[in-house]
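Visitor: Chains as they are written, first to last, in our numbering: chain A, 14 to 184; chain B, 1416 to 1534.
Simulated from the structure, these hints should not be mistaken for lab results. From the three backbone atoms N, C-alpha and C, an ideal C-beta is built for every residue, glycine too. Each hint should be verified, as a subset may be incorrect.
Computed list of lysine to any residue pairs in SDA-like fashion (alpha-carbon distance at most 20 Å, straight line) [stated by the list, open to error]:
id	chain 1	residue 1	chain 2	residue 2
1	B	K1527	A	T32
2	B	K1501	A	S118
3	B	K1500	A	E121
So, partial list: chain B residues that the calculated Cβ filter (under 10 Å) puts toward chain A [to be verified]:
id	residue
4	N1436
5	R1481
6	A1484
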Amino acid sequence: MDVKYINPFINAVVTTFETMIGLSIDRLDPFIKTHATAQGDISGIIGYASKDIIGSVALTFPEGTALEIYRLMMGEVVNDINEEVKDTVGELANIVAGTAKNEFSNLEISYHISIPTVVVGKNHTISHKGSVPVVVIPFQMTNFKFFMEISMKLNSVTSVSQRMRAKMQTA
Amino acid sequence: MRILVVDDSATMRRIIIKALNTTGFNDITEAEDGEDALTKLEGIDLLLTDWNMPVMDGLSMVKEIRRNASFANLPIMMITSQAAKKEVIEALKNGVNDYIVKPFTPATLVEKVQALSAK
Ligand SMILES: [Mg+2]
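Looking at chain A on its own, in the form it has when it is part of the complex (with noise of 0.2 Å):
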């Protein structure tokens, strides 16, 4: 996968958290994920799809850090995830595919985005679009991680810089 491809979802991803929570986000080596069990305990699952592009995204928080990114967001003590965490998780993933949106169009890539999914319990499986390896971008917030997983399959990677490079002579 072209980390040109990766990059607006890790661009999303830190201006979502920094702007919803006010906490500055690192991100960590990226890794291939190579069985469908998610690395936290609650997932927001967000299909993306045109004729370019189609994939899926998720965020995959541990218990802990969703309740965190919680009590930041909503100024909320909470101890367990309740249907108000779910909420924040599946909003989270769906403000993040959103945003990442606005950054393909420089690329001339536009996809629609679906209603996000929401996933619990220890050990859950998430189910990504395709049958493409899934990159995995831990991130570390204060002394909190979570996880993106982003599967993507391109449709036509040709007629994409070709109308690029369309665009160019036009221009």
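Place chain B with the ligand on chain A using the hints.
Guide: Just chain B with the ligand, lined up with the frame of chain A:
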């Protein structure tokens, strides 16, 4: 000033309402999707809406509202992460008056709402 806040995320509605409350906007109605919102328009002075929602999304709802002459002048603000040029143009063309990009800070939200409600 009665404000209708439309978003499928309950926590997002809470964040928006909290920001409005701190600025003295206290008369607020909530809806969780476009279809729900269409039944709650009577007496509304300002509408803040999400785009990506189940049942009926924000853009379809705005198109529906603008088809009704009695809501032709209702100020509508879209609050969404989808803010590529193409989306913004499409929203404005279909009757959205202003745009707030998610993620936002409460200060940005309040500033935009005050500007739109003063018009
Ligand atoms: Mg939404």
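Visitor: Give a verdict on every hint.
Guide: Verification of the supplied hints:
no.: 1; hint: B/K1527 with A/T32; verdict: holds (17 Å)
no.: 2; hint: B/K1501 with A/S118; verdict: holds (9 Å)
no.: 3; hint: B/K1500 with A/E121; verdict: holds (12 Å)
no.: 4; hint: N1436; verdict: violated (13 Å)
no.: 5; hint: R1481; verdict: violated (22 Å)
no.: 6; hint: A1484; verdict: violated (31 Å)
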